[in-house]
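**Q** Next come the chains, spelled out residue by residue.
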Amino acid sequence: MKFVARVALVSAAMIALAVPAGAAATKGPAAGKTVTVGVIADVTGSAAVYGTMQKNAYDLATADAAAGIIDAGGATLSFNVQDAASDGAQVVNLMQKFTTDGTTPLVLGPTLSGEAFKAFPLAKAANFPVIGTSTTAEGVTAIGPTVFRVSLAESQAIPPTVAKVQSIWHGKNVAIIYGDDNAFTKTDGALFQREFEKSGATVVDTETFHIGDKDFQAQLTRIASKKPDIIAIGGLFPEATKIIEQAGKLGIKAHMVGGNGLNSTAMYATAGPAAQGVVVGAAWFIGNKYTGNEAFVKRFKAKYGSLPDQFAAQAYAAAQVVAALVKSGATTKDEFSAGLRGLRIVQTVLGPIAFDSNRDVKAAPVVLQIVKDGFAYLQ
Amino acid sequence: MLAQQLLNALFLGAVYALFALGYTLIFGVLDILNLAHAAIYMIAAFAAYSLVADGLPLPLAAGLAIVMAGVIGILLDRVAFAPLRRRNAGTLVPLISSIGVAIVIGAIARAVYGIDERHFVEGGLDATPIHLGPVTFTSLEAIILATAIGLMFGLSYVLRATVLGRNIRAVAQDRVAAALLGVDLERTIAATFFIASALGGAAGILTGLEYNAVSLDLGSQIELKGLAVIILGGMGSITGAVIGGFAIGIVETLAVAYGLSAWRDALTFGVMFLILVARPAGIFGARALRSA
Chain A
1310 MKFVARVALV SAAMIALAVP AGAAATKGPA AGKTVTVGVI ADVTGSAAVY GTMQKNAYDL
1370 ATADAAAGII DAGGATLSFN VQDAASDGAQ VVNLMQKFTT DGTTPLVLGP TLSGEAFKAF
1430 PLAKAANFPV IGTSTTAEGV TAIGPTVFRV SLAESQAIPP TVAKVQSIWH GKNVAIIYGD
1490 DNAFTKTDGA LFQREFEKSG ATVVDTETFH IGDKDFQAQL TRIASKKPDI IAIGGLFPEA
1550 TKIIEQAGKL GIKAHMVGGN GLNSTAMYAT AGPAAQGVVV GAAWFIGNKY TGNEAFVKRF
1610 KAKYGSLPDQ FAAQAYAAAQ VVAALVKSGA TTKDEFSAGL RGLRIVQTVL GPIAFDSNRD
1670 VKAAPVVLQI VKDGFAYLQ
Chain B
70 MLAQQLLNAL FLGAVYALFA LGYTLIFGVL DILNLAHAAI YMIAAFAAYS LVADGLPLPL
130 AAGLAIVMAG VIGILLDRVA FAPLRRRNAG TLVPLISSIG VAIVIGAIAR AVYGIDERHF
190 VEGGLDATPI HLGPVTFTSL EAIILATAIG LMFGLSYVLR ATVLGRNIRA VAQDRVAAAL
250 LGVDLERTIA ATFFIASALG GAAGILTGLE YNAVSLDLGS QIELKGLAVI ILGGMGSITG
310 AVIGGFAIGI VETLAVAYGL SAWRDALTFG VMFLILVARP AGIFGARALR SA
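Respectively, the protein sequence lines represent chains A and B.
Residues in the first sequence are numbered from 1310 upward in steps of one, following this note's numbering.
Residues in the second sequence are numbered from 70 upward in steps of one, following this note's numbering.
Don't take every hint at face value.
What the hints assert, rightly or not - Per the computed footprint, the stretches of chain B lying under chain A, defined by three or more beta-carbons under 8 Å from a beta-carbon of chain A, are:
# : region
1 : 140-152
2 : 180-186
3 : 269-281
4 : 326-332
What the hints assert, rightly or not - Which residues of chain B face chain A? A partial, calculated answer using Cβ under 10 Å:
#  : residue
5  : Met70
6  : Ser119
7  : Asp123
8  : Thr160
9  : Thr197
10 : Pro198
11 : Thr205
12 : Phe206
13 : Gln290
14 : Glu321
15 : Leu323
Derived from the structure by calculation, the hints contain no laboratory data.
Quick reminder that beta carbons are idealized off the backbone N, C-alpha and C, glycines included.
If we strip away everything but chain A, and leave its shape as in the complex, we get:
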């Protein structure tokens, strides 16, 4: 069965690569109807760097749906982005609002896994469909049968990434540094520990930090004293860039690897030469050749003046999934729930995606390496 699914995905990928972008909108069962999808994103507050990318992607998706670039089968599709301000209580309030006020048949978001653990139980209680687009911690979709996610879980991204780097680096001693106050980064830390030990390496040191920290020299000095071959970073890019930069200053030469949180153009723009060679296991490659990706990157850059990151790409992919469901006739919450359960492969900027039986996205991670001015597939 798994083999059949893989073949189907590979075939879909090949078709996707062959289909030109920007196909004209078609007329579907929902033609003429209006669907407004509620979005919860941290546009302000401590997670604003991620939530703003998501908001921009949804605003672009609304414009693209109106222009027929995203095909919603003739329906008017728009995304109502509400700012959760990186505040757990506001996330809960917004989820309460969206699941009860009848303005939306589906909710996308919130931005962070920790927020999802607070908000998704409300969706479960209301039997309301939700899609996480950047909530990658373990256990998110297990919250309830109406919880789906297009974001590749860290448990899907990290194991193949570790396997790939170990096939090249053959590291014996590994140090791990991760954020211990965030569900996502804690998941990364635990997964790196498990996967590197599974690969036969010894974890010689484990250090922690807090989101927002700027000084990592004490942790890195301790790591340096253990002489690891590899340093695994469980973090998001604002901290990861500083870890990499400060490791360079301290003269640390170990290989470095991280997960989805490091998949940002800020990695090479900010950390500079120190970031070269860092490996990132992620859900999206900015230079991938899947249908519409190149055009998405171009339009995003033209509209906002900056390149999209993975948060933006996953949000846009969620919009594409929603459009596919609307095209097939879904306009109510029950129709979206049923549509998500039976979703066939959808072509997105992440590549062809579908959901597995746990409602997690079924897609392959990409293992990237930072080169001079960007990312490239790790060879």
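Please build the complex by placing chain B on the supplied structure of chain A, with the hints as guidance.
**A** Relative to the frame of chain A, chain B by itself:
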């Protein structure tokens, strides 16, 4: 490893101390907590970033931004504290007033600079490591440390050996008596705000340079630690702020050095609690600004 960790602690502690000096100076003179101090720390770093981005050489940009921080401090006093002082509003109302100013400064910074982190140099600062025996550091870090320590000595000199310093100490000792003896109260308070905010701004700029990163949350990360430093050192004590800053830097760094990174903050505040149990007025509580 210990030598390197102590050097790391020195870098960290110097910035904590510099930040806390401004905090404690205003408390020593006016008996109020200026919670807008962290916002000035942040906005000064952004100002220096802007000036560098406009092509000014870094030392000139940093100097101008420090002066600007001092001027903002004077404005802060005029807007948030002076009217309340005239109405004898006590110590809690100015505290809330300073929070209001901090929020306004934060909103202005957000409107001007957006939410993205800004970098003095895109692509990383040139940070060629200097190896000196068992320790490694960069020339930039050495300059930052020397600047921070130089500013601390400079403040100490101003307070001990200048007319302005004597006036500040007199106002801190007894405002009414100082006024009766001819000290211009408002001018002295304005000078205090200028010096305190300039020091806070300098700390923000040095932090921004050290990590090549300026962001809206820059101040929020140091605010609580700065408060801890001045309570630990003794409210209003200049020496206490310096010793407290380095002490917290050392405890934080050594917590990590001995494998307790997950307990870093708990340990830091735990040690602070124990010291305060033994000396409720802080390490130099009896030697506050009034006797500096």
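**Q** Evaluate each hint against the coordinates.
**A** Now the hints, each set against the structure:
1. 140-152: violated (count 0)
2. 180-186: Coverage by chain A holds for the region 180-186 of chain B (3 residues, Cβ < 8 Å).
3. 269-281: Since three or more residues must qualify, the claim that chain A covers the region 269-281 of chain B holds, with 4 doing so at under 8 Å.
4. 326-332: holds (count 4)
5. Met70: The hint holds - methionine 70/B has a Cβ within 10 Å of chain A, the shortest such distance being about 4 Å.
6. Ser119: violated (18 Å)
7. Asp123: Status violated, d = 19 Å.
8. Thr160: It is violated, given that the least Cβ distance between threonine 160/B and chain A is near 30 Å, above 10 Å.
9. Thr197: holds (9 Å)
10. Pro198: holds (5 Å)
11. Thr205: holds (6 Å)
12. Phe206: With Cβ-Cβ at 8 Å, under 10 Å, it holds.
13. Gln290: holds (6 Å)
14. Glu321: holds (7 Å)
15. Leu323: This hint holds: leucine 323/B lies near chain A, its Cβ roughly 8 Å from the closest one there, short of 10 Å.
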